[in-house]
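So the sequences go chain by chain: A and B.
For what it's worth, our numbering labels the leading residue of the first sequence as 1, then goes sequentially.
For what it's worth, our numbering labels the leading residue of the second sequence as 1, then goes sequentially.
Hints may contain errors.
As the list claims (entries may be wrong) - Partial list, derived from the structure: chain B residues whose beta carbon lies under 7 Å from chain A: (1) Pro-44; (2) Phe-46; (3) Leu-101; (4) Gly-104; (5) Lys-108.
These aren't lab readings, by the way, just hints derived from the structure by calculation.
Here the structure is a predicted model, which is why all the values come from computation and not from measurement.
From the three backbone atoms N, C-alpha and C, an ideal C-beta is built for every residue, glycine too.
This is what each chain is made of:
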Amino acid sequence: ETGVTQTPRHLVMGMTNKKSLKCEQHLGHNAMYWYKQSAKKPLELMFVYSLEERVENNSVPSRFSPECPNSSHLFLHLHTLQPEDSALYLCASSQDPGELFFGEGSRLTVL
Amino acid sequence: LAKTTQPISMDSYEGQEVNITCSHNNIATNDYITWYQQFPSQGPRFIIQGYKTKVTNEVASLFIPADRKSSTLSLPRVSLSDTAVYYCLVGFNYGGSQGNLIFGKGTKLSVKP
Numbered sequence: 001e002t003g004v005t006q007t008p009r010h011l012v013m014g015m016t017n018k019k020s021l022k023c024e025q026h027l028g029h030n031a032m033y034w035y036k037q038s039a040k041k042p043l044e045l046m047f048v049y050s051l052e053e054r055v056e057n058n059s060v061p062s063r064f065s066p067e068c069p070n071s072s073h074l075f076l077h078l079h080t081l082q083p084e085d086s087a088l089y090l091c092a093s094s095q096d097p098g099e100l101f102f103g104e105g106s107r108l109t110v111l
Numbered sequence: 001l002a003k004t005t006q007p008i009s010m011d012s013y014e015g016q017e018v019n020i021t022c023s024h025n026n027i028a029t030n031d032y033i034t035w036y037q038q039f040p041s042q043g044p045r046f047i048i049q050g051y052k053t054k055v056t057n058e059v060a061s062l063f064i065p066a067d068r069k070s071s072t073l074s075l076p077r078v079s080l081s082d083t084a085v086y087y088c089l090v091g092f093n094y095g096g097s098q099g100n101l102i103f104g105k106g107t108k109l110s111v112k113p
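Pulled out of the complex, with its shape left as it was, chain A reads as follows (with noise of 0.2 Å):
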């Protein structure tokens, strides 16, 4: 498999639910990065890791943390969301200082 996969697709929630997003990357990229895209608004920068560590967090909200256990993966821990928190959140890798590969997104739902 090749590319930026991320997990799952779509998801749905409740405020009081713990989930997790979930990034692969199989380019061997030295970065990744998580963004959020709401209805009609631009790609929001939430994280960038480097080598494994976060080299930028743009003020999210600490119900939103990042893991980067290793080059490869990714996660979006979410818990305690807010209804404007739905969203289209995408993960993307880049050789850095390279152009960004994105996945194909997960569309979460908080009810």
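Position chain B relative to chain A; hints supplied.
Frame of chain A; chain B shown alone:
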């Protein structure tokens, strides 16, 4: 962080050449210009990247004037499948400006039959 300005939307017809211009007046010396394409409910896809003059690949051309304060993405003979949002990004690496990671509102291109 170099700010970019693009038209919100553009309309075209199949077979036409489409030119989308991006303004980036405060581009830095080390910054590259990168364009991405995004279809609904999908992640953006890299189209082309350049530093100066002209770059061409199998999909598009990128024209950058000498002052580098703007750039133009040229899509030759568009088809209905080119209907998408096109983003212009300016930057070098995340440790610096993060510019090449920040997406603006993009240009929504609608291609009509």
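Hint check results:
Using the Cβ-Cβ criterion of 7 Å, the hint placing B/Pro-44 at the interface with chain A is satisfied: the shortest such distance is roughly 6 Å. Taking 7 Å as the C-beta cut-off, the interface hint given for B/Phe-46 holds, the closest approach to chain A being about 4 Å. Of the supplied interface hints, the one on B/Leu-101 holds, with its beta-carbon coming within about 5 Å of a beta-carbon of chain A, less than 7 Å. With a least beta-carbon distance of about 6 Å to chain A, the hint placing B/Gly-104 at the interface is held under the 7 Å criterion.
Annotation: interface hint on B/Lys-108 violated; nearest CB of chain A at approximately 10 Å, more than 7 Å.
Of the numbered hints listed earlier, the single one contradicted by the structure is hint 5.
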